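Visitor: Sequence:
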Amino acid sequence: MARRVLLIEDEPNIIEAISFILSRDGFTVHTHQDGATAMAKVRAQRPDMIVLDVMLPGRSGYDILRDLRADAATADLPVLMLTARGQAKDRALAADLGADAFMTKPFSNAAICAEVRRLLAVRHDGAAATATVASGTGAVAAAPAIPPCNAGVVRDA
172 MARRVLLIED EPNIIEAISF ILSRDGFTVH THQDGATAMA KVRAQRPDMI
222 VLDVMLPGRS GYDILRDLRA DAATADLPVL MLTARGQAKD RALAADLGAD
272 AFMTKPFSNA AICAEVRRLL AVRHDGAAAT ATVASGTGAV AAAPAIPPCN
322 AGVVRDA
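Sequential numbering of the sequence shown, starting at 172, is according to my numbering.
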């Protein structure tokens, strides 16, 4: 079964790009565009990981991350934060709230695929997560291969 990624992002071009990149790499991608209803979507979809934008309508990604970490059902869910603002204070806040990784837009196709694979491999293997947030370098660790499978993109109705 394909690994499920929930992409919570409001920018249509970013949604299209990430959905295409990850689905081509074998993931099933569900998308959601509203911060106010994001937690309900997480509970309904039960994804294997979340790619979460910082600036969303209705509610910030930081607030959503805080709720994810406070809920026992989602506390261990890998979260990759995305933002157009890559300042050190943004990275520090994401790290303090429990983000597993942080990427600044624009990003390369290879970087986002590698980071999603790494976060899912860490979760799957039961190893302790090593956040790339604190480094501030944008460096991405190599991840073990996840076998390709049939996957697709599922958008909000």
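Some clues are possibly wrong.
Ranges of calculated distance between the beta carbons of each label pair, as one might list FRET restraints [said to hold, decoys possible]:
1) 183 <-> 256: 27 to 33 Å
2) 244 <-> 184: 21 to 27 Å
3) 215 <-> 256: 18 to 24 Å
4) 215 <-> 260: 20 to 26 Å
5) 228 <-> 257: 19 to 25 Å
6) 187 <-> 215: 29 to 35 Å
7) 208 <-> 187: 28 to 34 Å
Taking lysine to aspartate or glutamate pairs in the EDC-like style, the calculated list, with each CA pair at most 16 Å apart, reads [what the hints assert, rightly or not]:
8) 260 <-> 242
9) 276 <-> 196
10) 260 <-> 238
11) 212 <-> 181
12) 212 <-> 196
13) 276 <-> 219
14) 212 <-> 261
15) 276 <-> 182
These are calculated hints, taken from the structure and not from any lab test. All values reported here derive from a predicted model rather than from experimental measurement. Note that beta-carbon positions come from the ideal geometry of N, C-alpha and C, so glycine has one too.
Visitor: All hints, please: hold or fail.
Guide: These are the hints, each one checked on the structure:
1. 183 <-> 256: 27 to 33 Å: violated, 19 Å
2. 244 <-> 184: 21 to 27 Å: violated, 32 Å
3. 215 <-> 256: 18 to 24 Å: Violated - the Cβ-Cβ distance for residue 215 and residue 256, about 29 Å, lies outside 18 to 24 Å.
4. 215 <-> 260: 20 to 26 Å: violated, 33 Å
5. 228 <-> 257: 19 to 25 Å: holds, 21 Å
6. 187 <-> 215: 29 to 35 Å: violated, 22 Å
7. 208 <-> 187: 28 to 34 Å: violated, 21 Å
8. 260 <-> 242: violated, 25 Å
9. 276 <-> 196: violated, 20 Å
10. 260 <-> 238: Violated - the C-alpha atoms of residue 238 and residue 260 are around 20 Å apart, more than 16 Å.
11. 212 <-> 181: Holds, because 14 Å separates the two Cα atoms, which is no more than 16 Å.
12. 212 <-> 196: violated, 23 Å
13. 276 <-> 219: Cα-Cα ~22 Å, so violated.
14. 212 <-> 261: violated, 25 Å
15. 276 <-> 182: holds, 12 Å
The structure is inconsistent with the numbered hints 1, 2, 3, 4, 6, 7, 8, 9, 10, 12, 13, 14, although it conforms to all the rest.
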